[in-house]
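For the protein sequence lines, the chains are V and D, in the order given. Under our numbering, think of the first position of the first sequence as 6, with each following residue one higher. Under our numbering, think of the first position of the second sequence as 4, with each following residue one higher.
Incorrect hints may have been included.
As the list claims (entries may be wrong) - Computed spacing ranges between beta-carbons, pair by pair:
hint	chain 1	residue 1	chain 2	residue 2	range
1	D	Ala-165	V	Gln-54	22 to 32 Å
2	D	Glu-151	V	Leu-42	21 to 31 Å
3	V	Asn-192	D	Lys-113	19 to 29 Å
4	D	Thr-97	V	Asn-121	50 to 60 Å
5	D	Gly-339	V	Gly-111	46 to 56 Å
6	D	Pro-142	V	Leu-296	33 to 43 Å
7	V	Ala-20	D	Lys-113	37 to 47 Å
Keep in mind that the hints were calculated from the coordinates and are not lab data. As the structure is a computational prediction, the values presented were derived from the model and not from experiment. All residues carry an ideal CB built from backbone N, CA and C; glycine is no exception.
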Amino acid sequence: MEAGSAKWQRNLFIASFIIPTFVFFCIFTIYPVAKGLYYSMFDWSGMAQTKDFIGLDNFKEMFKDPIVWRSIGNDYFLVVGKIVGIMVIATFFAVALTRFNFKMAGFFRSIFFIPNVISVVVIGVLWNFIYNPQIGFLNAFLSLFTDEKVTITWLGFTNHTIWMLLPPAIWAGIGFYMILLIAAIQNIPASYYEAADLEGATQWRQFWSITVPLIWEQMKVSILNIMMTTLNGSFVIVWIMTEGGPDNSTQVMGSYLYQMAFRQYHFGFGAAIGVLILVLSLITTVVLQRLLRHETVELS
Amino acid sequence: MMNKKKYAAMGAAVLLASVSLAGCGSKDNNSNNTASTNNASTNNASTNNGGSTNATNDGSTNGGTNATTPDTPKLTGDFEVQYFVGGYGDKWWTKVIADFQAANPDLHVKALGGPKINEQNKPRWIGGNPPDFVYIDGPELNDRQMVEDGQLEDLTDWIKDAKNVDGDKILDMLAQQPQQFDGKIYNIPLVLNSWGIFWNKALFKEKGWQEPQDFQQFLDVSDKIKAAGTTPFIHTGKYPYYINGAFLYPAIVSANNGDYTVLQDMAANKVEAFESDAVKTALGKIVTLRDKGFIDKASIQINHTDSQMLFLQNKDAFIPNGLWLPNEMSKDIPQGFDFGFIPSITQDAGQKIVANTSTATVAIAKNAKNKDAAHAFLQFVFSKAQASQWAELSGAPSNIKGDISASNAPSFVKDAAKYLTDPNTIVIPTITFNADVDKAMQDATDALTIGKIDPAGWVKRVTDVVKKVAK
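Using the sequences and the hints given, assemble the complete structure.
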């Protein structure tokens, strides 16, 4: 009797955590996703009281739309660019600030983290000023080395403006992942490196054979997180800096969703793009997890 | 600064009065959607001060008296007004709603205003529970889309004979007539503005540059400007509707011998209108600017504020914009800067100047619960007293004709008034394009300015979208 009561109390205790969480999850995740799927099958302006059911026509239309394909390409360009850029620089800083003891490490750690406490909107505006062809910092800096004033329109070339969105996106992300990797590196026992030193291993050797394997879980999480936040969140930096232009050259799925749903009054089509983002995010997560699968190294 | 704003408001009012005559300029163009109108009514509007004098002195009393005349049922219940707060502020809305409330004490008027009100109230429109009265301005509200969505009350029959609280026929009061959608009227222009080209008169005087009156003069002076080391022309590439509204559309009308029905045909998604020689000729003028190196390369990536700042710094000589520009940049205008304005620079020598107007409108929700109050409010806002108040409190031209002169207007408003009152000016009534077509035109114009496509490419791109939309 007592055992049953204890079991019941335990179950009640577990349920008191699980059920509210599940309810919130259903309300704030499952329901919007289901609603988005539902809207994607309608021809709806987003303002009218009536919606016309059109089945999968929005999806058919979507795949015929060249801007959708360009948006997908731009999204994955940013995913790859950000993963490479952020991981290389964040790892570099994390190692530099932990493995090489110097007095200013705390200062630099704070400095590199600053972009993370700034709103992405502010970062976008800031970099718009940096890229301004007439009064921007970048052209002013380059002009120091040239006879004539440099007036490059950094965000004005339809072929490569998307490249210009990488630096602010990377700059904005480094700090967070740097802190994550610093925490992981600091958990590695110093004795591992001491033993490696005694064995005569170089710093590079120590990095590849000790640091990377032991922080791989954190690196994997970082890569997955960069991928997901990019596919779902590039909208902000794109919208602030270029609004998908010029001539749709920097359109990503999120910005095109917004453009179609709220500027061109095709809410159903926008919802279909939302479904596309969901599906691509899921597929990419699965693929990346498989690619990044690595034997876990346990610290003793 | 206060005086400056006051003068701007008064100047805008002068402009209003003058636009009534401008409507005559467009009358010759045989449009179904005519920009008005009626000399008799114009004269009445400017000379009949009967109702408006009292209203100016005591708008609320006058409004109240008229709004609740014995033969009019007393207004009761709730009445909701949705208004977007943007560049024109909300002082006028606050005042007019307070006046209307005072005039109708048994009515409970609710003001739903703010810069995000269009988004905030969207669920109500979708749910069939919209506010009774709406001011269509700002993002996420498009009059054409609202009409297509069946959200607006058909005002066609009502407006034909509707009179304002002063007893004046509303249609006769309007400088800019309502846009028609398939021959029907759903919304009425409240604010009137004009697109055009600005320059700095002081700079031109100092440099000895001639202020252009036609396209050839514009090209000639631009050659001199460029030779002097200044970029002749900057626009807002991030929002290409500026160059479309102030340069391309007037150019299309000029190339169509002053007949603006070509634009109305474009708005009606008629493919042949986009393929007309007028459109190609107009696009060729953008190509001329591009190929002569007159367009500031920075244009393609910057927004309106950045382009306006560069213009105010005299880094660029001409900018396509709307009459709101000086008010919008009032805090950043350098000492001695003197705005010159012409509604269009794309006409050939001897051709009429073309003024492409820009309006913000008001409408009644089809599902409004208090339509009587909504109609009464329309009658209330389209009075001379409210026109005067609008000019004073928003610093922008209203669409209501009336002599509220006192001409200490800024010079650019006088310039605008001079052009708009000239019988040689063609006034294009405000036209709203389908959102997809509009976006396609904007993208294509940007692409044209940077040499990515040619005029044929522009037409091909846009007509592809038009065909899709027209299906």
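- [ ] Determine which of the earlier numbered hints do not hold for this structure and return their numbers in increasing order.
- [x] Failing hints, ascending: 3, 4.
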